[in-house]
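Chains as they are written, first to last, in our numbering: chain A, 1 to 592; chain B, 1 to 592.
Honestly, the hints are just simulated from the structure, not real lab data. Hints should not be assumed to be uniformly reliable.
Chain A side only, calculated, beta carbon under 8 Å to chain B, not exhaustive [stated by the list, open to error]:
#1 Gly185
#2 Val524
#3 Ala557
#4 Gln575
#5 Pro588
Bear in mind that the values here come from a model prediction, so they are computed numbers and not experimental data. By construction, the Cβ of each residue, glycine as well, lies at the ideal position given by its N, Cα and C atoms.
2 protein chains.
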Amino acid sequence: MSATTIRGSGEQGKAVEYQVQQQDIEFLLDDVFDVQSAWSKIEAFADLSPDVVKAIVAEGGRVAAEVMAPLNQSGDAEGCQWQDGEVTTPTGFAAAFAELAQGGWLGLSGNPQFGGQGMPKSLGCLVEEMFWSANSSLYLYGTLTVGACLCIDAHGSPEQKSVYLPKLYSGEWTGAMALTESHAGTDLGIMRTKAEVQSDGSYAITGQKIFITSGEHDMAENIVHLTLARLPDAPLGSKGISLFIVPKYLPNDDGSVGERNGWSSGSLEHKMGIKGSATSVINYDGAKGFLLGEENQGLAAMFTMMNYERLSVGLQGLGAAQLAYQHSANYARERLQGRAPAGPQNPDAVADSLLVHPDVRRMLLTQRAYAEGCRAMGLYVGMQLDLEKYAGDQRAGRIGQLLTPVVKAFLTDRGLDCAVLGQQVLGGHGYIKEWGMEQIVRDARIGQIYEGANGVQAIDLVGRKIMRDGGKTLQDLLGDITATTVAPEFVEPLADVCQRLDAVTQSVVARAQQDPNLPGAVSVDFLDFVGLTLCAWLWARMASCAPQNEFGDAKRATARYFFARLLPQTLGLEQSIKAESAAVMEMPETLF
Amino acid sequence: MSATTIRGSGEQGKAVEYQVQQQDIEFLLDDVFDVQSAWSKIEAFADLSPDVVKAIVAEGGRVAAEVMAPLNQSGDAEGCQWQDGEVTTPTGFAAAFAELAQGGWLGLSGNPQFGGQGMPKSLGCLVEEMFWSANSSLYLYGTLTVGACLCIDAHGSPEQKSVYLPKLYSGEWTGAMALTESHAGTDLGIMRTKAEVQSDGSYAITGQKIFITSGEHDMAENIVHLTLARLPDAPLGSKGISLFIVPKYLPNDDGSVGERNGWSSGSLEHKMGIKGSATSVINYDGAKGFLLGEENQGLAAMFTMMNYERLSVGLQGLGAAQLAYQHSANYARERLQGRAPAGPQNPDAVADSLLVHPDVRRMLLTQRAYAEGCRAMGLYVGMQLDLEKYAGDQRAGRIGQLLTPVVKAFLTDRGLDCAVLGQQVLGGHGYIKEWGMEQIVRDARIGQIYEGANGVQAIDLVGRKIMRDGGKTLQDLLGDITATTVAPEFVEPLADVCQRLDAVTQSVVARAQQDPNLPGAVSVDFLDFVGLTLCAWLWARMASCAPQNEFGDAKRATARYFFARLLPQTLGLEQSIKAESAAVMEMPETLF
Numbered sequence: 001m002s003a004t005t006i007r008g009s010g011e012q013g014k015a016v017e018y019q020v021q022q023q024d025i026e027f028l029l030d031d032v033f034d035v036q037s038a039w040s041k042i043e044a045f046a047d048l049s050p051d052v053v054k055a056i057v058a059e060g061g062r063v064a065a066e067v068m069a070p071l072n073q074s075g076d077a078e079g080c081q082w083q084d085g086e087v088t089t090p091t092g093f094a095a096a097f098a099e100l101a102q103g104g105w106l107g108l109s110g111n112p113q114f115g116g117q118g119m120p121k122s123l124g125c126l127v128e129e130m131f132w133s134a135n136s137s138l139y140l141y142g143t144l145t146v147g148a149c150l151c152i153d154a155h156g157s158p159e160q161k162s163v164y165l166p167k168l169y170s171g172e173w174t175g176a177m178a179l180t181e182s183h184a185g186t187d188l189g190i191m192r193t194k195a196e197v198q199s200d201g202s203y204a205i206t207g208q209k210i211f212i213t214s215g216e217h218d219m220a221e222n223i224v225h226l227t228l229a230r231l232p233d234a235p236l237g238s239k240g241i242s243l244f245i246v247p248k249y250l251p252n253d254d255g256s257v258g259e260r261n262g263w264s265s266g267s268l269e270h271k272m273g274i275k276g277s278a279t280s281v282i283n284y285d286g287a288k289g290f291l292l293g294e295e296n297q298g299l300a301a302m303f304t305m306m307n308y309e310r311l312s313v314g315l316q317g318l319g320a321a322q323l324a325y326q327h328s329a330n331y332a333r334e335r336l337q338g339r340a341p342a343g344p345q346n347p348d349a350v351a352d353s354l355l356v357h358p359d360v361r362r363m364l365l366t367q368r369a370y371a372e373g374c375r376a377m378g379l380y381v382g383m384q385l386d387l388e389k390y391a392g393d394q395r396a397g398r399i400g401q402l403l404t405p406v407v408k409a410f411l412t413d414r415g416l417d418c419a420v421l422g423q424q425v426l427g428g429h430g431y432i433k434e435w436g437m438e439q440i441v442r443d444a445r446i447g448q449i450y451e452g453a454n455g456v457q458a459i460d461l462v463g464r465k466i467m468r469d470g471g472k473t474l475q476d477l478l479g480d481i482t483a484t485t486v487a488p489e490f491v492e493p494l495a496d497v498c499q500r501l502d503a504v505t506q507s508v509v510a511r512a513q514q515d516p517n518l519p520g521a522v523s524v525d526f527l528d529f530v531g532l533t534l535c536a537w538l539w540a541r542m543a544s545c546a547p548q549n550e551f552g553d554a555k556r557a558t559a560r561y562f563f564a565r566l567l568p569q570t571l572g573l574e575q576s577i578k579a580e581s582a583a584v585m586e587m588p589e590t591l592f
Numbered sequence: 001m002s003a004t005t006i007r008g009s010g011e012q013g014k015a016v017e018y019q020v021q022q023q024d025i026e027f028l029l030d031d032v033f034d035v036q037s038a039w040s041k042i043e044a045f046a047d048l049s050p051d052v053v054k055a056i057v058a059e060g061g062r063v064a065a066e067v068m069a070p071l072n073q074s075g076d077a078e079g080c081q082w083q084d085g086e087v088t089t090p091t092g093f094a095a096a097f098a099e100l101a102q103g104g105w106l107g108l109s110g111n112p113q114f115g116g117q118g119m120p121k122s123l124g125c126l127v128e129e130m131f132w133s134a135n136s137s138l139y140l141y142g143t144l145t146v147g148a149c150l151c152i153d154a155h156g157s158p159e160q161k162s163v164y165l166p167k168l169y170s171g172e173w174t175g176a177m178a179l180t181e182s183h184a185g186t187d188l189g190i191m192r193t194k195a196e197v198q199s200d201g202s203y204a205i206t207g208q209k210i211f212i213t214s215g216e217h218d219m220a221e222n223i224v225h226l227t228l229a230r231l232p233d234a235p236l237g238s239k240g241i242s243l244f245i246v247p248k249y250l251p252n253d254d255g256s257v258g259e260r261n262g263w264s265s266g267s268l269e270h271k272m273g274i275k276g277s278a279t280s281v282i283n284y285d286g287a288k289g290f291l292l293g294e295e296n297q298g299l300a301a302m303f304t305m306m307n308y309e310r311l312s313v314g315l316q317g318l319g320a321a322q323l324a325y326q327h328s329a330n331y332a333r334e335r336l337q338g339r340a341p342a343g344p345q346n347p348d349a350v351a352d353s354l355l356v357h358p359d360v361r362r363m364l365l366t367q368r369a370y371a372e373g374c375r376a377m378g379l380y381v382g383m384q385l386d387l388e389k390y391a392g393d394q395r396a397g398r399i400g401q402l403l404t405p406v407v408k409a410f411l412t413d414r415g416l417d418c419a420v421l422g423q424q425v426l427g428g429h430g431y432i433k434e435w436g437m438e439q440i441v442r443d444a445r446i447g448q449i450y451e452g453a454n455g456v457q458a459i460d461l462v463g464r465k466i467m468r469d470g471g472k473t474l475q476d477l478l479g480d481i482t483a484t485t486v487a488p489e490f491v492e493p494l495a496d497v498c499q500r501l502d503a504v505t506q507s508v509v510a511r512a513q514q515d516p517n518l519p520g521a522v523s524v525d526f527l528d529f530v531g532l533t534l535c536a537w538l539w540a541r542m543a544s545c546a547p548q549n550e551f552g553d554a555k556r557a558t559a560r561y562f563f564a565r566l567l568p569q570t571l572g573l574e575q576s577i578k579a580e581s582a583a584v585m586e587m588p589e590t591l592f
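Please work from the sequences and hints to get the whole structure.
Below you can see the structure in the form of structure tokens.
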């Protein structure tokens, strides 16, 4: 055995493979949510056949597994390069993105008038999860493009729509959102980038933005920034922010790209993960911008994009959870180590598989329970948004808005938890780059931070959405939950958790009247309570309609695991939320 | 503003600084544990004056802050290099390690007969935390050396002790433990590395080990592997493993280093973090080894080192929690963003500090409550080990053994949690390398994996240590807790959590008689329950004896936060532990 021929155990690492959960998705569409029946009542989807939907899912899964996933680890290792303002993405990314774009995936739920496919948001949620699982760095170029389309479609002039949307839906051009400045992150009201109106009606944009995902790269002919800036006479704070379209190349009248605009990438950020995603500092040096929507109404307009991105980033967390489960379950199945507590299960081999160990099963079942529960949650919220958009269902719209921050924060928090659990299943190999698991952890971590940190989501849920209607929308939802027919074993636990969440909501609403610090003090725990309650509902529904076969056996076993081992967390959360804000406010600032 | 002069927001990142918690440590030594009084009853420590102890703490803190911490980020960025079997550590590491060694820090609690300082383990725990905080990669070279000393001191021949211990305590030579093989991690019984006796009484060691921390590097004159291997006629499994001293260079009779031994580094592992720590694949090619202890008794002997390392790795988690708290509290104090819920607190500035936001306080207080609670826990367990070793206190020894896996797993789990929370406080900056916070997360993550993954610690606690005496030692400890006089506000909550832990322990012991899967199914939740209960006890004690000044105010506020917001987790854990093992065992292996 020569020392030089062996280059480390790392080289034995198995590539992370991704496989679409086709059976689970069809089960959700057909049996749990009966979306066909829901869609048949919506004119735009009346002709959407089950076979078409399943073919879309299968083809999306193929693109994810065969086109995107093979570049995930290589993209992390290679990263993006910056040279004199030019950014080079990892080998293969441009070609893979072109395939994603040419397949129409960016416009899947987009406006058909401008090249979108007009498919339901709920279907989009299922497909987005796959792309996030397969390669989150690569899909970031897509999700920002989709979000920019939504924003331009909602707030743009007819001309802006016709110039930008076809190019963006087709992926010839990509989108980016430019909000953050080095001193202004969550607090956008204090941003300084300025916009000055020019004689031609355009605006000169000057300032520096940081953390700009896909702000500069080499994968598309043009890059369209949606940039927040202040007019000289704008009111202070968030009411004085306007939104501008600031393309890299100014479009000619014929739709081709013309003159280079006055902005450039000042550098790439050096990040913990998502290294295939080019995150730039962008310097605007009198760049030409076109007002999108009304002056000083930019933040509200930007929220069209942000709400899309928040849901999408939640699905990123779900994608990480699913990928972590698959990779660690594959490892556990093949890794022989130790013996079952009750005695050898595989006596002819040197050891049993990791699957005999109860604690390994706990780690796998936790990942699976969250991944499948959160998939159902994403689909449910997507359906509410479809009902609002296409059927004018205001109640569904309120529930969708209420749950958008829950999906963003709960799914990304569980995404990290699951990635860490998956890493733990791999033991030492989980810490070694070649095995791919540590990348899933690093990549998943960003989901909790960007698009509004999860603490911001939680205060949006409690401070804004619960408080503004005194918890009425949540009560409606809890009413839907307790009215659902589920298998007998889940009836009482589900009623119990709903009753406890309802009581604690009323307590928070009442106490917040006297105490402005109360919502923020309890918001993260409250959001977790809501997320777990939703998961419990969806697991009860899934277990109650699961077929009498192996697939159904797995559903029932995972549901029971969720109720026995994960839902009890709500007992601690309930107690914690009962604490007054003094628990966090008592410490004087000077003593931190 | 020129695009090329700005190279990214990253460059504005603040270096992570470390400051020893001198006041907290003195409070623990003097007021909480009155160690002087305890030590005065131990002959070996009777002359140890408070001033000497505090000077040791202060000087250790200086070495940590001034010598080790400045190399933490640069060591991560530079990493270790491998070339033809030679390993180069990051710039400055060798000089810093020499300073650590020459200061006598490796031998702080070591045997004075061979150059150690003979200080209490409890003091060692406090000092180790600092070194882990300051630079975990660098301190790994030290902690493995200390562990090797303990093992040789306990199991070596007089000649082995005199040859190796002085060189190791002085840091001229360093130690490493070589256990893992690519197919044998947790399950050491299936290892294949072989040892064949030679005519001179030494053994020829042949095989490959992986994940060998400090296995090869350029910081010391010699590297002493403690290597597990099998004799040709050894019994199968863990009863057929022997332990060998396998130095890089064979020692001459005069103590100088002689012939190069027959092993070498085959490569470095590519890791998520602790990149300044050189982790090798080691190939033994008939290397000369010297039996340490008895043939086939190697695993038991190795546990002398492993038990030390487990406690030390727990302190690594504590170190990460403390560092994360300091760095994120500094950030929160200086970062102006948003306004307090009750209105501007700093109206002359563009925004208030992050400290006005209740959820930011929650994140900081969680880190602080765990860091300070876990520091007290480490000290408490160190004291039990001192009482056993120096005063023959068997009861203290049993408690120390019971809690060793708790310290290892609970402190490293909380270490990651706190690092992730600290990163969240920094928002986007937390994800950017130059700010140093993401490194703390990557570095902390290994603590949960190595030295026996945390799931292994949990099954050691429940399956071995609780089951072997039916929970008697834990009951003794709970008796100590409930017998402690604490401030009135903590009496009832502390009694309640002890009563619930006692009941759930009895339930686990009873159910495990019928169900071999039960301990493993509930062990991780059970360990967390024990850890939180211990923290509650120690927080109640700290709050109850804290002085009437700002330091005491902070202690009381943090204690109240712990009881109101963190201890409630035990309600969920209790419920989860009540579940039968079927919750994890029901899923058929084929359906994962």
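So, going through the hints one by one against the coordinates:
1. Proximity of glycine 185(A) to chain B holds as hinted, the smallest CB-CB distance being about 5 Å (cut-off 8 Å).
2. For valine 524(A), the shortest C-beta to C-beta distance to chain B is roughly 6 Å, which falls under 8 Å, so the interface hint holds.
3. Because the beta carbon of alanine 557(A) sits about 4 Å from the nearest beta carbon in chain B, less than 8 Å, this interface hint is met.
4. A distance limit of 8 Å between C-beta atoms decides the matter here; for glutamine 575(A) the minimum to chain B is near 4 Å, and the interface restraint holds.
5. About 7 Å separates the beta-carbon of proline 588(A) from the nearest beta-carbon of chain B, less than 8 Å, and the hint is met.
Hint violations for this structure: none, all hints satisfied.
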